[in-house]
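Engineer: These protein sequence lines are chains A and B, in that order. Residues in the first sequence are numbered consecutively from 64, following my numbering. Residues in the second sequence are numbered consecutively from 36, following my numbering.
No wet-lab data here; the hints were simulated from the structure. By construction, the Cβ of each residue, glycine as well, lies at the ideal position given by its N, Cα and C atoms. Hints may contain errors.
[Claimed, not checked] Dumping the calculated DSS-like pairs for lysine-lysine here, alpha-carbon to alpha-carbon at most 27 Å:
hint, chain 1, residue 1, chain 2, residue 2
1, A, Lys120, B, Lys91
2, B, Lys89, A, Lys120
3, A, Lys74, B, Lys72
4, B, Lys103, B, Lys72
[Stated by the list, open to error] Pairwise CB distance ranges (calculated):
hint, chain 1, residue 1, chain 2, residue 2, range
5, A, Val75, B, Asn62, 23 to 29 Å
6, A, Pro102, B, Ser47, 16 to 22 Å
7, B, Lys91, A, Asp136, 37 to 43 Å
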Amino acid sequence: DAGITQSPRHKVTETGTPVTLRCHQTENHRYMYWYRQDPGHGLRLIHYSYGVKDTDKGEVSDGYSVSRSKTEDFLLTLESATSSQTSVYFCAISETGATLYGYTFGSGTRLTVV
Amino acid sequence: DQQVKQNSPSLSVQEGRISILNCDYTNSMFDYFLWYKKYPAEGPTFLISISSIKDKNEDGRFTVFLNKSAKHLSLHIVPSQPGDSAVYFCAASASGAGSYQLTFGKGTKLSVIP
């Protein structure tokens, strides 16, 4: 849908292990975002990117890092997974940033940390 | 501090009637407001938006109203249909330089009863 793919769709991992989630777009959009969705919290921004190698922190960035070495890929890494990082992770893309046209979201990755 | 608030976690409406979803914000710099719709196991999809220079925007069955003095916006769905049953997120952004991100509320789950 709209050229954005998240992988994997589902993952179960153990506490303390590193995990990398991938977001791939074919739209050549400049802006990419990682959000997490949790019951009672809605969608919260983890990190975002406004260009290749240009990234910044969001509201809940502790325990996460990102990399964007090319326009189409935005990687989210949990350096040492904890149970509190069990969540649904959504990637989003935008051509113009946070405007009236909004973002296009991927289908999400459901991550369970046991 | 929550800058975008959706105080009703859920709402039930009979098919054919009006659904009214509410959203309040605290950041006076916000000037773009958006509504997203989310079905289970899917990513959020953009529904409708409004800028602060307007007080109403309409798209088919969906109308968004903005009351800047009250820092309040609402989404009206008329008539409501069972397919409208989903979680609705309110989002806002400030269009000033350096602002690239949307801030989301916690969401309201709408159930349209046939």
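Engineer: Does each hint fit the structure? Answer for all of them.
Structural biologist: Now for the hints, and whether the structure bears them out:
1. A:Lys120 x B:Lys91: Violated - the C-alpha atoms of B:Lys91 and A:Lys120 are around 33 Å apart, more than 27 Å.
2. B:Lys89 x A:Lys120: Between B:Lys89 and A:Lys120 the Cα gap is close to 31 Å, so the pair fails against 27 Å, i.e. violated.
3. A:Lys74 x B:Lys72: 25 Å, holds
4. B:Lys103 x B:Lys72: 23 Å, holds
5. A:Val75 x B:Asn62: 23 to 29 Å: Given about 38 Å between the Cβ atoms, the range is violated.
6. A:Pro102 x B:Ser47: 16 to 22 Å: 19 Å, holds
7. B:Lys91 x A:Asp136: 37 to 43 Å: 40 Å, holds
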